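S.K.: Model the placement of chain B on the given structure of chain A, informed by the hints.
There are 2 protein chains.
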Amino acid sequence: MISVLVIGKNTYDRNIDIALTARAFGASEIIFASNKNSKLLRYIKRLNSRWGSKFEVKYINNWKSFINSMRTYKIIYLTKYGQPLDKIGNLIRNYKNLLIVVSSEEVNKVLLNNSDFNINITTQPHCEASAIAIFLHHFYEGRELAMHFENAKYKIIPSERGIKIEELNKKR
Amino acid sequence: MISVLVIGKNTYDRNIDIALTARAFGASEIIFASNKNSKLLRYIKRLNSRWGSKFEVKYINNWKSFINSMRTYKIIYLTKYGQPLDKIGNLIRNYKNLLIVVSSEEVNKVLLNNSDFNINITTQPHCEASAIAIFLHHFYEGRELAMHFENAKYKIIPSERGIKIEELNKKR
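Residue numbers (my numbering), protein chains in the order written: chain A, 9 to 180; chain B, 9 to 180.
Everything labelled a hint here was simulated from the structure, so no lab data went into it. All of these numbers come straight from a predicted model, not from anything done at the bench. Treat the hints with care, since some could be wrong.
Said to hold, decoys possible - Calculated cross-link-like contacts (lysine-lysine; reagent style BS3-like; alpha-carbon spacing at most 25 Å): (1) A/K82 x B/K172; (2) A/K72 x A/K163; (3) A/K47 x B/K17; (4) B/K161 x A/K88; (5) B/K117 x A/K163; (6) A/K95 x A/K82; (7) A/K117 x A/K72; (8) A/K82 x A/K62; (9) B/K172 x A/K95; (10) B/K66 x A/K161; (11) B/K66 x B/K53; (12) B/K47 x B/K17; (13) A/K88 x B/K17; (14) B/K82 x A/K172; (15) A/K17 x A/K95; (16) A/K172 x B/K95; (17) A/K47 x B/K88; (18) A/K53 x B/K88; (19) B/K117 x B/K95; (20) A/K161 x A/K53; (21) B/K72 x B/K88; (22) A/K88 x B/K62; (23) B/K62 x B/K161; (24) A/K117 x B/K161; (25) A/K72 x A/K161; (26) B/K163 x A/K95; (27) A/K172 x A/K161.
As the list claims (entries may be wrong) - If you want the ones that stay clear, here's a sample from chain A, every Cβ over 10 Å from chain B, calculated: (28) Y67; (29) W71; (30) K72; (31) T80; (32) K95; (33) E175.
Said to hold, decoys possible - To give a feel for the contact side, a few chain A residues facing chain B, derived at Cβ under 8 Å: (34) G16; (35) A32; (36) L49; (37) R50; (38) P92; (39) L93; (40) V118.
Beta carbons: idealized from backbone N, C-alpha and C, even for Gly.
Just chain A, with the same shape it has in the complex (with noise of 0.2 Å):
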């Protein structure tokens, strides 16, 4: 399983942005390390219930205990400073338990020490959206791309032009 968890405060735009890419490439679920909102629940829960898949959204109180209690996850930090992805990408994929974590204030010291592997995805600043983008799609080797939403009420069908939704049956 491959949970997303965000540390540091950050704006609604930006959780979302971070949500939605974690959930459309692959990840099980999202862990925030900050207030709950409702808002954004409410969001991904019905992005879920018309476009599929069961992706979760967790908010907890203390990162360092969570860390500590996912004892059968590899813990891989994402910041500009790790080691490159494609040294030991490769490497990670061969682990079927991951929480990657991205921090949206200053990079953590004290996670960059221990951590599992602290991957840069470049080592030039951008944000934490993109950085999750390019980790899952190296992940899973560009499959993500055409992965299949269970229990999805409708589907994009992909075109050269306009737009193609395919409305499914929902009893199938």
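M.R.: Below, chain B alone, put in the same frame as chain A:
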């Protein structure tokens, strides 16, 4: 040359995330079809002077006439309705000048019918920054992850633990 055009209104946070992602993943410039934001311009300028690159931020009034003026560019519109990246991404690598367009508000139907290529980065909703990151990662075949940024004063040295920053000799 690879340019990124952002149409539609957006928050400062999202525009920064999009600009930083475009810069980190190897675009040469970003063009916002919205009001000029001096804070964003200063931020990117300062970033370039510390960490390198000649990445430019521009503002325009009318994106339709701007697109018409980019005659030597292929217009690539990234939305969840387009064709899969793995289907036409390799074809696009043959072109030298690309204008990658993302819209921050609803999908633009005029553009969907008039771009050279519509490409989906998954058929699920996520965000402009992630879409740009994945598109450029595919375009550069991952080489952008270790890209050299010219005229940098500082450079991050990827490492297993901690933070390693090298100060570069300005005179060399």
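S.K.: Run the structure past the numbered hints and jot down the numbers of the failing ones, going up.
M.R.: As far as the earlier hints go, 2, 10, 13, 15, 25, 32, 34, 36, 37, 40 are violated by this structure, in ascending order.
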